[in-house]
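Engineer: The primary structure of each chain is shown beneath.
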Amino acid sequence: MIELKEAAYGYGGGPLFSDMTLRLAPGSFHFLTGPSGAGKTTFLKLCYADLRATGGNVTIFGQDSASMSRDEIAQARQRMGVVHQDCEFLDHLPLTENIALPLTVAGRGGPTQEANLSDLMGWVGLSARADALPPELSGGERQRAALARAVITDPDVILADEPTGNIDWEMSLRLLQLLLELNRMGKTVLIATHDLALIRAAKAQVSARVLRIKGGRLQLAGAEL
Amino acid sequence: MSALGAIRDVLRGDAQADRVVPRRGHSVRLTVFTSAAMAFLAVFALALSLASGRLADRWSEALARSSTIRISAPATQMEDQVWAVLEVLQQTPGVASARALSDEEQRALLEPWFGPDLPLEDLPVPRLVEVIETADGYDPDGLRLRLAAEAPGAVLDDHTRWRRPLVQAAERLRALGWLSMALILGSVAAMITLAAQSALAANVRVIRVLRLVGARDHYIARAFVRRFTLRALTGAAVGTGLGMAAIAFLPSTQDEGGFLTGLGFSGAHWLWPLLVPPLAAITAFWATRAAAFKTLRSLP
Numbered sequence: 001m002i003e004l005k006e007a008a009y010g011y012g013g014g015p016l017f018s019d020m021t022l023r024l025a026p027g028s029f030h031f032l033t034g035p036s037g038a039g040k041t042t043f044l045k046l047c048y049a050d051l052r053a054t055g056g057n058v059t060i061f062g063q064d065s066a067s068m069s070r071d072e073i074a075q076a077r078q079r080m081g082v083v084h085q086d087c088e089f090l091d092h093l094p095l096t097e098n099i100a101l102p103l104t105v106a107g108r109g110g111p112t113q114e115a116n117l118s119d120l121m122g123w124v125g126l127s128a129r130a131d132a133l134p135p136e137l138s139g140g141e142r143q144r145a146a147l148a149r150a151v152i153t154d155p156d157v158i159l160a161d162e163p164t165g166n167i168d169w170e171m172s173l174r175l176l177q178l179l180l181e182l183n184r185m186g187k188t189v190l191i192a193t194h195d196l197a198l199i200r201a202a203k204a205q206v207s208a209r210v211l212r213i214k215g216g217r218l219q220l221a222g223a224e225l
Numbered sequence: 001m002s003a004l005g006a007i008r009d010v011l012r013g014d015a016q017a018d019r020v021v022p023r024r025g026h027s028v029r030l031t032v033f034t035s036a037a038m039a040f041l042a043v044f045a046l047a048l049s050l051a052s053g054r055l056a057d058r059w060s061e062a063l064a065r066s067s068t069i070r071i072s073a074p075a076t077q078m079e080d081q082v083w084a085v086l087e088v089l090q091q092t093p094g095v096a097s098a099r100a101l102s103d104e105e106q107r108a109l110l111e112p113w114f115g116p117d118l119p120l121e122d123l124p125v126p127r128l129v130e131v132i133e134t135a136d137g138y139d140p141d142g143l144r145l146r147l148a149a150e151a152p153g154a155v156l157d158d159h160t161r162w163r164r165p166l167v168q169a170a171e172r173l174r175a176l177g178w179l180s181m182a183l184i185l186g187s188v189a190a191m192i193t194l195a196a197q198s199a200l201a202a203n204v205r206v207i208r209v210l211r212l213v214g215a216r217d218h219y220i221a222r223a224f225v226r227r228f229t230l231r232a233l234t235g236a237a238v239g240t241g242l243g244m245a246a247i248a249f250l251p252s253t254q255d256e257g258g259f260l261t262g263l264g265f266s267g268a269h270w271l272w273p274l275l276v277p278p279l280a281a282i283t284a285f286w287a288t289r290a291a292a293f294k295t296l297r298s299l300p
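Residue numbers (this note's numbering), protein chains in the order written: chain G, 1 to 225; chain E, 1 to 300.
Be aware that one or more of the hints could be misleading.
[Stated by the list, open to error] Short, incomplete list of chain E residues facing chain G, as computed with Cβ under 7 Å: (1) 212; (2) 216; (3) 219.
No lab work stands behind these hints: they were computed from the structure. Quick reminder that beta carbons are idealized off the backbone N, C-alpha and C, glycines included.
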């Protein structure tokens with residue numbers, strides 16, 4: 001699905017990380033952890049081709065991301081669900097249309113999808129906020145909406161950057177259950193988080209690999225989990 | 001995607017895709033207003049061009065077929081020379097008809113300068129002979145030689161000397177009209193490019209979100225292109241309507257008014273301004289498309 005081989009990235013003032021090698025196999029579940037500023041978000045951006053590696057290479061659905069065209073990146077993203085840390089939405093559209101946006105841009109709207117959208121809105125507890133505009137939502141509601149938007153297209157891969165950063169523990173567990181359920185359906189999941197409690201809760205239910213970025217290198221997390 | 005496919009998409013529209021770009025922004029009013037103003041001016045430029053064309057054709061046709069012979073001679077020889085000139089003209093190939101202007105006609109010609117009570121018979125005014133040519137025309141040099149031999153006081157004026165600059169002026173005016181049209185379309189393209197770039201720059205966040213969820217650049221560009229094309233079409237339609245109404249309310253064509261009262265459309269020429277809105281829309285389509293793809297390429 002997504003493979004990094006000795007991937008490196010730097011923002012200009014020296015490398016942020018290097019020699020990152022990871023293969024996200026179909027149906028796998030990965031956590032990515034590490035201190036703030038270690039490069040978790042950057043790592044995820046390499047995975048969905050928002051950034052291009054400055055060293056090594058990143059392969060996304062069999063294509064080298066360095067040589068992917070804009071259209072190819074768009075096609076790849078239609079097979080991914082990305083929960084961005086900033087939870088950005090189109091502020092002029094009501095919540096339902098924002099969550100359905102990946103379907104809209106892929107030209108996949110329809111009655112079946114509308115039923116799925118309604119179910120999904122209920123599942124993330126946002127049915128009552130369907131007509132609200134994004135600026136009217138709380139931080140937690142935005143994160144739930146971002147997750148709903150990421151999974152609405154039934155993607156092959158889900159990449160989530162701090163998906164539970166602004167929500168309470170109960171809702172965090174509900175979202176985790178959704179991600180675990182999707183993983184059981186064969187979806188590949190990579191979650192960047194510093195929430196160790198969330199990782200422990202997940203590991204109790206699924207065989208998840210936990211990776212840590214430390215000192216600019218990727219390593220398997222150890223016994224503290 | 002081919003250009004034809006892109007045009008088809010713009011015409012067909014997509015209600016959901018149209019909504020992904022916010023409708024707010026001063027570029028909306030700017031585009032509609034400028035398109036309307038430019039279309040209004042374009043209608044006048046078109047009217048000017050078509051009127052100049054008609055004028056050039058009329059002058060060219062009216063003056064090309066006629067010429068004048070001016071006879072200056074002592075009063076005692078005047079009648080003889082007039083008869084001699086008419087006789088020469090009767091024998092000249094290419095002359096359809098010829099006649100000497102009567103005193104009343106000559107008085108009418110001079111009236112604008114000397115008033116109505118001109119004592120023509122007391123003044124040494126030359127006699128004028130009007131010559132109408134056949135379609136093939138005559139040989140002016142040959143005629144001049146014969147006139148010099150038969151009527152030494154006769155001078156042939158075949159109108160070429162002053163007809164050519166008039167026709168040239170009218171033709172240049174017509175060309176200027178078309179040039180104005182081209183400049184107006186160029187201005188529409190430049191203005192819409194700026195407005196589209198402004199709209200794209202104001203919506204960088206929207207573009208980022210759309211790309212994040214898998215939107216192709218064609219999809220994003222199409223939303224902007226369709227919006228600007230429809231705005232330009234709407235504005236141009238309004239401007240064209242107002243321009244045509246303004247032209248319709250100009251004073252009607254009268255000989256006394258000359259060129260100014262002839263500035264307008266006649267007959268099928270009224271259909272020409274209807275091309276302005278589609279032309280503005282096509283211009284807006286290409287300008288926005290180019291601006292959108294250029295901006296999208298420049299965004300990370």
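Engineer: Holds or violated: the hint that residue 216 of chain E contacts chain G, with Cβ atoms closer than 7 Å.
Structural biologist: It holds, given that the least Cβ distance between residue 216 of chain E and chain G is near 4 Å, below 7 Å.
Engineer: Just to be careful: measuring from the Cβ of residue 219 of chain E to every Cβ in chain G, is the smallest value less than 7 Å?
Structural biologist: holds, 6 Å
Engineer: Classify the hint on residue 212 of chain E as holds or violated, based on whether any CB of chain G lies nearer than 7 Å to its CB.
Structural biologist: holds, 6 Å
In this structure, none of the earlier numbered hints is contradicted; all agree with it.
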